[in-house]
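With the hints as your guide, set chain W onto chain L.
Sequences listed follow chains L and W, in order. For what it's worth, my numbering labels the leading residue of the first sequence as 81, then goes sequentially. For what it's worth, my numbering labels the leading residue of the second sequence as 21, then goes sequentially.
Just so you know, the hints here were simulated from the structure itself, not pulled from any lab data. A couple of the hints might just be wrong.
[Claimed, not checked] Once the Cα atoms are required to be at most 25 angstroms apart in a straight line, the calculated DSS-like pairs of lysine-lysine come out as: (1) W:K87 with L:K204; (2) L:K143 with L:K86; (3) L:K199 with W:K265; (4) W:K265 with W:K87; (5) W:K28 with L:K200.
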Amino acid sequence: MIQLEKVSRSFTVGDQQVAALRGIDLNIAAGDYVSIMGPSGSGKSTLLNLIGLLDRPSSGTYKLDGGNVTELDDVQQARVRSEKIGFVFQAFHLVPRLTAAMNIELPMILAGIAPAERKKRVEKLLENYGLMDRADHRPDQLSGGQRQRVAIARATSMHPAVLLADEPTGNLDQTTGKEVIDLLEQLLEQNVALIMVTHDPVIGSRAKRQIHMVDGQIISETGSGT
Amino acid sequence: MLFPDLIKLTTSSFITYRMRSFLTGLGIAIGIAAVILLTSIGEGLHQFVLAEFSEFGTNLITVQPGKTQTHGSSVGVLGSVRPLSLDDADALRHLPYVENVNPGLMGNSDLRANGKTRRATVFGEGHDFAKAFTMKVQSGSFWPDADDGQARALVVLGTKVRQELFGGQNPLGSYLRIAGQRYRVIGVMEPKGQILGLDMDDAVFIPAARAMELFNRPGLMEINVSYRAGADVAAVTRVITDRLKERHGNEDFTLISQEQSLEVLSSVLDVITFAVGALGGISLLVGAVGILTIMTMAVTERTAEIGLLRALGAQERQVLTLFLGEAMLLSALGGLGGLVMGVGIAQGLHLLFPAMPVHTPWLFAVLAELSATSIGLAAGVMPARHAARLDPVEALHAE
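Chain L on its own, in the form it takes in the complex (with noise of 0.2 angstroms):
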């Protein structure tokens, strides 16, 4: 579903290149388990940015579902990132004006989708991970572990092919990290491609597909995957 062929990236800073990704070149089947794995400035950031199409590559090809995206002008990328892709972000990310059951909402008010449906949709979500009561409380009146489950519910609301954890647990405690993965994990069940950057490796080591990367570079592919 994801073909990444020979991509780099580079920024300018100052008047000097410097390079996040050299010549990646990543295959991702829908339903996969891929963990990303690297010390800080490896790139792995950089590398979900991209599938993310958050960031363009400055050279190499990303084909997602057969079609080059990189080609594809702001609103076509808009459009792909809300019905393709949803995202998890370490410091979760919640709009600290809406309440949590308008978190959940957002991607859908911004697709355009009914109210009707829309409502029907984040009453599922709030009850699959266990917010019901929870629905109008604004993000500074959860805990982190209710806030990232509002961030995953949030990324899932549109049905997304695939999903992008950026260090999910790493404003977590052990505990509420574990149940984090867990509900991340589920997701596979539904043939979600599932793709987590971290630090930490016994969560890293949990993913079917372990990719390390070093000066953007990807170094060894370890697990049971491909």
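Just chain W, lined up with the frame of chain L:
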């Protein structure tokens, strides 16, 4: 994104930043209130002045001797012009459209009766005077038609003159001396008050022919023609002009229609209203700067949120719409508050000082609200574009 959702999302930030949004809205509100207040006073003045000028009715055309040239100086000044005579006035009486014709001139003279003397305005008029000027006779009447030419010594009194010279007694039938000549009182006018600074009550009215003699004038100062309501001014003007040209051989007179002068006056007053409104607009500009400031801050503060929205599938256009919508809504709400404030202050002033005319036309209110909204739009463009063009990856990591 659906419209109700846009409203829901934008209002959520007003609720969070209550004080800040209130103060920014207040900036616009004060601007709108100033515009509304000033234009209300301007418009009130406008209506007041027009009412004052149409006190004599609006279906009036005044003929004056001398042709006013585009240079503004009248030939009459040089004296090479035929004066308007009573015969000229009579000649207009039977023209189409014409209802009343009134020859007129005025001056000042001593009045004496009952051993008291008073100096007052003396109007030399025709028998149709009261009808032509929509004025009412309280008791008695004006002299009959046939007397115009013969000019008997008859006088109609203004209420003040009557009060001062005759006190409580009935003046009808009594005699009054004007510059030594004896006039018989045949009527008293209803009180009219001051019109354009001229006290119509401190005056007496005598036949025009008499007044010409009294003031030693060769002709009339003006002929006032009242025409049927609804008649076309241009047509009336044409028949009068044709008739007088026929008599004078050339156009040595000037026609001024009340309707046209009211139009000119009205447009001058419109300019004044517009000018004071523009003055108020300056404070509206200050309000706009407030919106610009607050939106710039909002974009900076919510950079991470903008990144998130992009990640969740928002297009640049949607981010732009959200911030523009917020600026516009804030401004529109402020404008609404300003409308209430402006109209409230204007009406309050009117209650405190009843002599002060205020009037707020609906159109002004709608225009003010529209301009508040467009000011919000204009002030929001820069910050909103900035928000829309943020790089999503960088925005997400801003904290």
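Now the hints, each set against the structure:
For a cut-off of 25 angstroms, the pair hint linking W:K87 to L:K204 is broken: about 89 angstroms separates their Cα positions. The straight-line distance between the Cα atoms of L:K143 and L:K86 is roughly 12 angstroms, inside the 25 angstroms bound, and the hint therefore holds. Of the supplied pair hints, the one linking L:K199 and W:K265 is violated, its CA atoms being roughly 85 angstroms apart against a limit of 25 angstroms. Pair hint W:K265 plus W:K87 holds up; C-alpha atoms about 12 angstroms apart against a cutoff of 25 angstroms.
As the CA atoms of W:K28 and L:K200 are separated by approximately 19 angstroms, the hinted pair is consistent with the 25 angstroms bound.
Violated hints for the displayed structure, listed by number in ascending order: 1, 3.
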